[in-house]
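Numbering of the sequence shown is given in UniProt numbering, commencing with residue 1 and proceeding in unit increments.
No lab work stands behind these hints: they were computed from the structure.
Keep in mind that the hints are not guaranteed to be accurate.
Below, a list of computed lysine-lysine pairs in the BS3-like style, where the Cα atoms sit at most 30 Å apart [stated by the list, open to error]:
{"hint": "1", "residue 1": "63", "residue 2": "86"}
{"hint": "2", "residue 1": "63", "residue 2": "53"}
{"hint": "3", "residue 1": "86", "residue 2": "53"}
{"hint": "4", "residue 1": "86", "residue 2": "61"}
Label pairs and their in silico Cβ distance ranges [stated by the list, open to error]:
{"hint": "5", "residue 1": "49", "residue 2": "80", "range": "15 to 25 Å"}
{"hint": "6", "residue 1": "24", "residue 2": "60", "range": "14 to 24 Å"}
{"hint": "7", "residue 1": "37", "residue 2": "69", "range": "35 to 45 Å"}
{"hint": "8", "residue 1": "64", "residue 2": "38", "range": "36 to 46 Å"}
{"hint": "9", "residue 1": "71", "residue 2": "36", "range": "32 to 42 Å"}
{"hint": "10", "residue 1": "73", "residue 2": "37", "range": "16 to 26 Å"}
{"hint": "11", "residue 1": "30", "residue 2": "54", "range": "28 to 38 Å"}
{"hint": "12", "residue 1": "49", "residue 2": "24", "range": "12 to 22 Å"}
{"hint": "13", "residue 1": "31", "residue 2": "74", "range": "20 to 30 Å"}
{"hint": "14", "residue 1": "35", "residue 2": "61", "range": "32 to 42 Å"}
{"hint": "15", "residue 1": "88", "residue 2": "54", "range": "17 to 27 Å"}
{"hint": "16", "residue 1": "66", "residue 2": "37", "range": "34 to 44 Å"}
{"hint": "17", "residue 1": "20", "residue 2": "63", "range": "36 to 46 Å"}
{"hint": "18", "residue 1": "64", "residue 2": "20", "range": "14 to 24 Å"}
Each residue gets a CB set at the ideal place from its N, CA and C atoms; glycine is no exception.
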Amino acid sequence: MAALGLSVNQESNIPDDHISCVLELTTLLLANTRQTSPYRSTLTQYINNYLTKWVPLYIEKIKTHAQTTTLYTVADILFYWLAELKREYQYE
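Turn these sequences into a full structure, and let the hints steer you where they fit.
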């Protein structure tokens with residue numbers, strides 16, 4: 001990530017593996033994939049080596065413990081978005 005000029009804000013109180021930071025980084029990489037191939041390569045690695053390792057379990061835990069329909073629906077949307085990312089950016 002440093003090669004792309006990306007770094008973690010060390011002054012933030014939010015852990016860099018917080019789901020909001022993870023989704024923000026994914027969105028940032030997605031937004032830049034059209035401009036340069038290093039972003040696409042980094043995004044592919046990020047999805048395959050990081051997101052797919054723990055986000056599916058996280059989604060399942062949300063769905064299991066969701067106390068509102070809204071939260072369950074958000075988890076469903078995240079599930080389908082991750083599935084789309086995996087299809088689009090799988091290793092070739």
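Tested hints:
Of the supplied pair hints, the one linking residue 63 and residue 86 holds, its CA atoms being roughly 20 Å apart against a limit of 30 Å. About 18 Å separates the Cα atoms of residue 63 and residue 53, which keeps this hinted pair within 30 Å; it holds. At roughly 12 Å between alpha-carbon atoms, residue 86 and residue 53 fall within 30 Å of each other, so this suggested pair holds. With a C-alpha separation of about 20 Å, the suggested pairing of residue 86 with residue 61 holds against the 30 Å cut-off.
The hinted range of 15 to 25 Å is satisfied by residue 49 and residue 80, whose Cβ atoms lie roughly 21 Å apart. Between residue 24 and residue 60 the CB atoms are about 22 Å apart, so this pair conforms to the stated range of 14 to 24 Å. Range check, residue 37 to residue 69: Cβ separation about 41 Å, and the 35 to 45 Å hint holds. Taking the beta carbon of each, residue 64 and residue 38 are about 38 Å apart, inside 36 to 46 Å as hinted.
Range check, residue 71 to residue 36: about 36 Å between beta-carbon atoms, so the 32 to 42 Å window is met. Distance hint check: the CB atoms of residue 73 and residue 37 are about 35 Å apart, inconsistent with the given range 16 to 26 Å. For the pair residue 30 and residue 54, the supplied restraint of 28 to 38 Å is violated, since their beta-carbon distance comes to about 19 Å. The beta-carbon spacing between residue 49 and residue 24, approximately 18 Å, falls within the hinted interval of 12 to 22 Å.
Separation of residue 31 from residue 74 is about 21 Å and conforms to the stated range, judged on CB atoms against 20 to 30 Å. Residue 35 and residue 61 have their C-beta atoms about 35 Å apart, which keeps the hinted 32 to 42 Å range intact. Taken as a hint, the range 17 to 27 Å holds for the pair residue 88 and residue 54, whose Cβ atoms sit roughly 20 Å apart. The hinted range of 34 to 44 Å is satisfied by residue 66 and residue 37, whose Cβ atoms lie roughly 38 Å apart.
For residue 20 paired with residue 63, a C-beta distance near 18 Å fails the hint of 36 to 46 Å. Checked against the hint of 14 to 24 Å, the C-beta distance between residue 64 and residue 20 comes to roughly 21 Å, which is consistent with it.
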